[in-house]
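**Student:** Here are the chains, one letter per residue:
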Amino acid sequence: MRVGIEIGGTFTDLVAITDEGIRTIKVSSTPSAPERGVFDALDALSRSMNGHSIDQATTLVHGSTVATNALLERRGGRTILVATKGFGDMLELQREVKSRNYDLGYARTKALVPREWVIEANERLDARGSIVDPLDEAALERDLADLFDRAEPEAMAVCLLHAYQNPVHERLVRDIALRLRPKLKVSLSSEVMPEYREYERASTTVMNAYLAPVIDSYLGELQNNLELRGFKGRFFLMQSNGGMLPADRSKQHAVRMLVSGPAAGVTGAIRMAVASGYRNVITLDMGGTSTDICLVKDASAQVITGKLIDRLPVLAPMLDITAIGAGGGSIAHFDSAGMFQVGPRSAGAQPGPACYGRGGTAATLTDACAIMGLIRPQRFLGGAMPLDLDAARRAMAPIAERLGFDIPSAAEGMFRIACANMLQATRQVSIERGYDPRDFAIVAYGGAGPLHAVVLAEEIGAKAVIVPPNPGVTSAMGLLLADFRLDYVRSRMLRLEQSNREVIDALFRELRDAAQADLESMAPPGNPRIEYSIDMRYVGQGYELSLVVSPFTESGESREDLLEDAAQRFHVLHKQRMGHSYPNQPVRAISYRACLTVPQEAVNSFARAGERPAAQKEYGEIRWNGQQIACAYVSRDTLATGATVRGAALIEDNSASTFIPPGWTARVDAQDALIIERGEEIS
Amino acid sequence: MNQRDPAIAVEPVAHIDPVSFQIINGALIAATRAMAAILQRSARSTMIRETQDFSTAILDEHGNLAAQSEAIPLHLHSLSYALSFCIKAYPPETLNADDILIVNDPYHGGQHLPDIQVFAPIIHAGKVVGFVGNLAHHTDISGGIGSMNPTATDVFQEGMRIPPVKINRADLDTAFGRLLLANSRQPDVLLADLNAQMAANAGGQARVIELIEKYGLETIRACIAMAQDSCEAEMRRAIREIPNGVYTGEDFLDGDGFGTVPLRIAVTVTVRDEDLDIDFTGTDPQARGFVNSPLASTLSAAGTAVRALLGHPDMATNDGSFRPMHVHAPLGTVLNPRYPAPVRLRMNSACRAYGAVLQALGKAVPGRAAACGFDTTTCVNFGYLGEKGYSIYMEPMRGGIGGTVGADGADAVSQLISNSANTPVEVAESDNSFLRIREYSLRTDSGGAGEFQGGMGCVREFEITAEQVEVVCSSDRALHRPWGLNNGGDGTIGSMVAIQNGKRTQLPPNGAALTMHRGDRLRVETGGGGGLGDPHLRDRTKVERDIVSGRITPDFAATAYGMGPAGK
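Protein sequences appear in the order of chains A and B. Quick note: the first sequence uses numbering that gives the first Met the number 0, first residue 0, plus one each step. Quick note: the second sequence uses numbering that gives the first Met the number 0, first residue 0, plus one each step.
Same shape as in the complex, but just chain B (with noise of 0.2 angstroms):
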């Protein structure tokens, strides 16, 4: 994925052997984790404590990726993307090592505005050597509640843009820290998380420095260039197992944030030996609305379907992973809008673009396919001003993954390419006591039948408890199917239903905002996955099972698998 300076070229270095490499390397990795444990344990708001949507990693000199935690595949290739703007606003050699950077914006580099991104260098003999950064999802930066504006139609009625700034700790205390707690409705949270995300970095740099000096910097070097360049080979053997050729795929978003006109996201895969030539022209012309993918998000989609259908999960990731291969969104486009257009509903498109890679891929090489899981983040968020303030409640909910061969597509989790939890009810409870939650249940026949059926959706419905309570919605696949693979069936919409005064309102396909009050609910259903293979392979057992256990009616059963009764 080669959208840096290609003028950068990585220096030859030291040679190192491979117990040293296992050793120094498993250092950094570590480093990353511990990272991303101060981040998690110290930061206060519960999209990163309980929902954990945020990653940490090394990067190297240059800005690449050097190690990472593993955390959200839509963050990963991301660090590095946005980092290379701010080392072009900031050059390395005038960094010191107190100096943070930090940037949100999505026209440089940032992915949506609740993202923000810090790094800080690594100073080793008066130069700057590496770099450790971390992304994190603030709840609000101002803009709508919880930063989701479903009628913003530029990025300015989104929140507060922060480009690429070089600032230091003490500056929270400062004008830079006034300005952006000013921004948002929670500052206490947003100080707290900004500090954990500072507090995360510092302690990757004391480690970083601790190794250098003691296994010295080169050897440091030739251990990040070296795991890069194994990453790397390791991917291009597993290119080279599919077959040399153009592959097609495509997948619809429900509309555009404001109508139901469908938006195609359209891919051309071209194999070349090891080297994959990720083409999204095609695309429909950007959105008006906020359903937009800025370039960073694009490419980690397309990135996250090639790692997930070269079938080793395992791998590490690093800047190597990406070096075979090439995207190009064109500018414009829903998958790489020009400036202004909002990108706050980005990781719905951003499911659209992986699920086209998906398909393309899949058609080369049919032994790992897949079908089109749920693939959106169904996010509800709450906002309720009470005598302290604000109350920000944000709840990303998911659907079931599309089946796979050998494997059914697992229930309402994460999507491949985030990996973000609920919230525990009890947890939301009792942080806020304007709202209950009546219902969190699987939601049967939701999966899409086939020889490997797909995963179910979920329900959750929320009782609102106090007068006035903002609530802001936002979501997709409420008009397209989960697309089913090889004669499977395909998976279920989902919806989202405000029950106000009796009154059940149907709400748009990606989103509104609206006030609700004592008694009145909010129903939202997230679809199933799609199937892979005719239902009528299905194993008999695993269908019985499934109406036992009360996953499927009887009478999907009848008509999906062909099941009589008495399992005939």
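So that you can see chain A by itself, here it is in the shape it has in the complex (with noise of 0.2 angstroms):
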């Protein structure tokens, strides 16, 4: 048995891949505590498997927002930094840029380090590499004591000058503090981001020492508690990469698992579309707050390396997922300019949507979609949380009265509204890098994905849309579907050049050595894979393009033509995202990277077996294009494989409802996906 723990939000999924098929469990998550979350589904487990359960699994796979949470709430160790001398204050000075304009009162978000716990040490490297002033060891000792005892810093992070250059100092600093403090957890800048541009490396370096203890104690409480109950299995935790890695070895990055969540979602949507016969999608996973959505080519989401979270830079391998505030419980209001808006602000789960009926008084687009029919009150998560219809349209009076209109077009307004902020995010990751949407199928999860899709993929053109079975677990799915992943990065500043050759193919030859090693020492099952890559720009630029390389020959030596491949290839990768380019112009690269994966266990099936009960169509109104027209309710439960439903209709599910709009038809496929296109009948 496999199990995949994924602490959301709102709940704490558990997806468990039996030898009877998938079982999937839901409970509440408990934000205060997470693991208490994670306890309660394991034993719902049991209690659903007769007692046995957890001690069956050979693998755990955990998705957390754990190190999240810990950032946002300022709830990290304590940190001390060191610097390289008259660089003390980089995490004060950041990038002196404002996040927005016109703000007399404009403050930056506050260091994670205080600025009495930054010490500098006397040493110095130049751009590359080389040593200009020696570390002084002593006076750095000497300093260090004298921190410890004012600070009794639990983590310490290390971020010299040029040290992506070359570790040396780094590594001597480190050596003095353990020498002083054994217990101290160190993160060097060289080794959890190897990068230039120092601030963003000092942030990440930081951010990461910061949340080391969290973790630490986090997964010590999670690990003793599977022990007892008699887990034997292999325990893996979900990075922000879209690929899992042994516990142990990833608290050491605490950093790489910052947006693990959402990346667990877009690797279940891929594995799933995969299997329904697409390999080329846009995910959209909409939930009660925020849209996520990703783009994936010839199904492989792109990795980018860093991000701002909490407006601080974190650099980290992560799938290139866009978020915008569009959530079931974004919320309607009019902006300082009278100008009718839909989120970002969310009603959350408490009090949520005021058909929730938790006292929530604000018009949602939960609310939106019930008054226009989209969500039918009593078959809500299939029935088990009734809608207070009344309470939605009593919340949508006010606003539908302010726009001059009435209630369902008030709604139906807030529906479009949405959609418009997902297609202008759509159009970001696709036309605007380069791709056709045309040639994408979007993939809907999350509880309100599949009701905007298809809304979604007319406006853009995709030419499909998928619904994965079960898309309130998409996530967690994802995590039992994860590879095996680790991404290494070395950086050097050199010229695509002949003269250079060597020494990026000793580069190269110390990716590869590095991985070889982790394979060894994780031994993970399965057949290994590494790819190469590097990250190369005009000489000057300052924004580097990413292009998958060969380094080795099939016999493992190094390819004489790399560099010359690698350019080439280069001028036609700039053409087709940036418009234009220079052929004639020297190629220069910044970082070389390798990417180590090993394919799980794959899953053969996602169809439920087993008899589906009779269908039944019901037949209703909803809100359209300004008018009621008739539409069909279908429950997803009654349809096999083949089955077609076109729109107007409703597909309800017990953890997420599809609308197919007029013009478009579901058939459900092999995998007990729904396909949906345009057409009144399916080719």
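These aren't lab readings, by the way, just hints derived from the structure by calculation. Idealized CB from N, CA, C, for every residue including glycine. Don't take every hint at face value.
[Unchecked claim] The list that follows gives simulated cross-link-like pairs (lysine to aspartate or glutamate, EDC-like), each with its CA atoms no further than 16 angstroms apart:
hint	chain 1	residue 1	chain 2	residue 2
1	B	LYS502	B	ASP519
2	A	LYS84	A	ASP132
3	B	LYS541	A	GLU115
4	A	LYS84	B	GLU462
5	B	LYS213	A	GLU457
6	A	LYS84	B	GLU460
7	B	LYS213	A	GLU458
8	A	LYS84	B	GLU438
9	A	LYS182	A	GLU153
[Unchecked claim] If you want the footprint, here are the derived chain B segments under chain A, 3+ residues with CB under 8 angstroms:
hint	region
10	17-23
11	226-233
12	311-317
13	397-405
14	421-433
15	543-550
[Said to hold, decoys possible] Taking beta-carbon pairs under 8 angstroms as the criterion, some of the chain B residues facing chain A (in silico):
hint	residue
16	ALA26
17	PRO72
18	ARG306
19	ARG437
Relying on the hints, combine the two individually framed chains into one complex.
**Tutor:** Put into structure tokens, the structure is as follows:
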């Protein structure tokens, strides 16, 4: 048995793949002590399996927001920073740019390390990594001893200038610190993320150090409890790059877990889309407060190496997922100019949409869907939670009045604006990066994704929409479908010229050796694969494009035409992504990457076993294009492979309903996924 | 800020419902952001890719601002102002879809010469229905290193002027392009950055045309008009909250670029119900040196101060934002110089115009008042002629923001009328092998004392590691401290010091050009912002925090805040 457990904002989901089929369990999340949600889910699993449970599991994969929450709530460990002499204020100065204009009271995000806990080491490397000033070890030891007494730190970050070129001084700093405090958790910038731009690297290293104590104690709790339950399998954690790693290894890189939740969803969506025959997709994960969108080309999502979290830069390999503030709980309001807006403010889980009847009075997108007839109050979540339609209408009334619309028109207006917001984000990940959305299908999941996906597909011209079975637990499913994955990087700015070939070859050999050493020590089951890439730019440019390369021949020797080939393909890629290229200009390589993946056991079928209840259609009316139109309501449970449903229709499901607008038709494929395409009939 | 021909009346447009408006207006704003992304990612200069000194916009058929990316306030009104000169030279009915209008001349709507603005028409059914445009700061178009010449006495000594000129993309490879590139120390970079600007416009053009085809021209026009009208209405509502009256403000530049006789910037702001008259009469005559601010910069600076004081930072910006403001800067003054006065250092005079308006309006709405920030760009340009041609490194440095009611000023951050970033030390050193940065830190005790303290200034010290490096630097506020408010202390001044052969030379306040060699150092300090409110009213725990974190010394705490030992 393999088990995946995903902690989300509202629910903790468990998916188990057993010999008898797929089991799913949903329990409430417990944000103040997230491990409790995990234990509750395990208890529920045990009840459903007559006492047997996790002790039967060979593998447990866990995805958790514990690192993200600790960062957002500033509950990390006591952390100090060692910087190069003259540069102790990196975290205070940041990039000197404001995240918003016209604000006299503008304030930066506060640094995770207070200024008095930063010390400067007397040392200096130059831009090539050569030592200009050797490290003054005696002075550093004195300063560290003093700071340890003052700060009693749990963790230490070290970020010295140009350490991405040469880690020698950072390692010496670690040695001295560990001599004084053997239990201190140390993060070196040259190990956490050896890339240039000192503030971004320091921010990442500090965040890694700051989160390490939290992750350590959280995993300690979990592992103890799992042991008590007799778990003897392998324990993995999900990473932001869409892969998983043994827990003991991943806790050294806490910063690589910060966006693992959305990455699990994308991973699950990709695998299910591939099972249905689609390799080029745009994933649409819409929940209560936000929507995550990701472009997937040839069954793999682009991995990027940085983004801002809470206005602090984080450099870590992560799937290129764009998040926008549009979800079922997004609130309708009028901004200071009197303009009608939906989101990004959300009613969250408490009080939630007005129709939840928990005291919410603001009109949310879920209320709009209920008013339009896209959600039937008695069938929400399979009837588990009846909705108060009158409360939704009461919440919508003042909005409608101010718009000068009737209530259904106001609701449809909200729905349209939410779709338009998603459309902008989808354009951003596709058209604006040189991809034609007509070549892509949309995979919709999350509680609200399938309600909006087909409308989005119509707007952007996508060719189909795929709704996987049980779209409410796609992220947890993704945990079980994720590959073992580890990313490696080296940075060295070198022109792509033959004179640099030996250095570049050596860097790739270093990467290969590191990956192979990890393979031996962690021994993940399966057939390993290593993919290499180079980040390149024209000399003088500031942003790199990444290109997959093959630095080794089949016999493992360095390839002679590596640089030539890479440069040529760079010009083509630059033209595709930027609209122009400079084939006569020199190209500079910045970073060299290796990605080690070990594909995990495939899941052959996502289809549910067993008999289907007899098909039943009910009819009603929905609001669409300003009119009341007839609509069929179908229970997804009743649809067998090959069944088709023509729009306008709603296919209701326990975890999420799918809206088929007029002009589109859904069919159920062999994987139990809904495939929705334009036209009245499916060819 | 109606500086344009009032004869261009806005025609009545179709009605549009609020939902369609939100969808289409969102798409237009997103298009300007997409343009910005193309520009930044494909540009080559540090100035664009790291410093982010650029702005992108969509303009309506009259050349008025319709939508823009959230970029640099100093550029914002500038785009429509510069476009009005281009349209005068090339009437819209003569333009084709692949025509490009380009301008940098401060005497034809431009800012300073390195800021090249590029526009392209949006053509639908054979008619110009709007424009896309962007402004980007180029590294070098001749004149001094980085087109910065502290001894310039006219605009010709500052670089190459481009009056409004109509070209197309192919012209970058023909006579026009060759002429232009011959006038840059870094022709490859100039070419790449121009290509990036044109690619950004092409992206914007395609998107707007797509929207017109989808929703119809009349709907798009109605949406733009509605965005402008609602912005105007929001501004007017905010201005209504300011008591009617006449308010004055003033501030000083250290000198005219040559001497140290201060130059006065003065403003009289008259609030009439929902209109603001902003009159810079009383400002000193134009300077001999490069500190003048062309009208485009002055207009944007005044607009920024008004927007900041009104207290709606997230309000959209378009033509409507400027309609209730009526700016007058007398011709022949520092804030509207006559041709051909030099203008390269216009940022700092524009900052003083901003500060004077901030001071005047602070008297009108004391509850939202702010003390003055360092509000000066201290810019250092290094030029090194190596075997592979010129390397140029430009680093604009920033000081602290003034304290404001309810909040301390931010430390060393882009002043309100600008919004650009520093160059990472590792990027600067990787791209420029002829120098090293030895220190980059905050200056202790540099923020003005006050209930709400001014932000701190910072220091950067450069070490030269090659022979014959040409250095040009510029600044202000080496003599006049940023003013504190309501008993708050003044901020601090900045300084530029050359250290050569063990000798320290204080450079003139407005800047200097010098040659430096291996081992020489340049130490540049920016100042802190002024404080707001009586320092004795400052929360004692904040004073203690600042001592612990080393932001202020115990001595400063004692003198400025009356804080005895052990927090007494």
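**Student:** Against which earlier hints does the structure fall short, listed by number upward?
**Tutor:** none
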